[in-house]
Amino acid sequence: NFDDEVEFSEKLMWLGGKRRKLCKEAYGNVLEVSAGTGRNMEYYNLDSVRTPRDKRIRSLVFNDLSEIMVYQAEKKFDELQEEKEQIAKFRGPVKFVVGDASDRRIISRPEGGFDTILQTMGVCSMANPVGFLRRLGQLTDERDKGGKILLLEHGRSYYNIINRFLDGNAKMHAHRYGCWNNKDIDQVIEDSGLEIESKRRYHFGTTYEYVLRP
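Residues 30 to 243 in this note's numbering are what the sequence shown lists, from first letter to last.
No lab work stands behind these hints: they were computed from the structure.
Glycine residues also receive a C-beta, built at the ideal position from the N, C-alpha and C atoms.
The hints are all genuine.
Label pairs and their calculated CB-CB ranges:
no.	residue 1	residue 2	range
1	S137	Q216	29 to 37 Å
2	G46	Q167	28 to 36 Å
3	H232	A156	19 to 27 Å
4	P81	E219	32 to 40 Å
5	R82	R172	16 to 24 Å
6	Q216	I116	40 to 48 Å
7	N189	D107	43 to 51 Å
8	G46	R133	30 to 38 Å
9	E112	Y231	27 to 35 Å
10	A156	D76	32 to 40 Å
11	R172	A199	34 to 42 Å
Straight-line C-alpha distance at most 30 Å; calculated DSSO-like pairs for lysine-lysine:
no.	residue 1	residue 2
12	K118	K105
13	K104	K47
14	K84	K105
15	K50	K113
16	K104	K84
17	K118	K50
18	K53	K104
19	K50	K124
20	K118	K47
21	K228	K84
22	K118	K53
23	K105	K53
24	K124	K47
25	K53	K124
26	K50	K84
27	K113	K84
28	K84	K124
29	K47	K228
30	K104	K124
31	K124	K105
32	K47	K105
33	K47	K84
34	K228	K50
35	K118	K84
36	K53	K113
37	K47	K113
38	K124	K113
39	K105	K50
40	K228	K53
Taking the hints into account, I'd like the entire structure generated from these sequences.
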């Protein structure tokens, strides 16, 4: 399955730690887009009893285009909850939504907007990533120091020799995994018009970590 396909490469690049770091920043009303099979689920801090009030997650929405992946994500969430002690189980509302989050009919904006929107490895698979990110900005809490968009993405490198390799293998990679790993992520973010609060790059510049504001 998909998880088995990407497990080795993610371990090799220590992406689990980067996913964990990103998810620990989530709070309030949380939307995860391009959620896939739920590879981030184990990293969310869902223990409302032992978590400070201002860091708690109140609600969760998981979204993906693939109905099969959303089904697998929901199953994974239920299994993770069953493993927890009763006191540590998540008590807030949880939704699993199939569809394109850039379509205004798919994701309902909660009153005040989402406090956290998270996406990992999603820009690479989008035909219109700029439009998609702009829609995420509209779904986010726009108050001063309000909502934030957390991204972990992969794309072009700092180095031309690596970019030539990515370009040469992009079509094969897209056919196998459904994503184009040679996109210029920095340019996509710039074109989206979202405010960059912080940015870091790893793995010769091919892994991008962003905190964005609307």
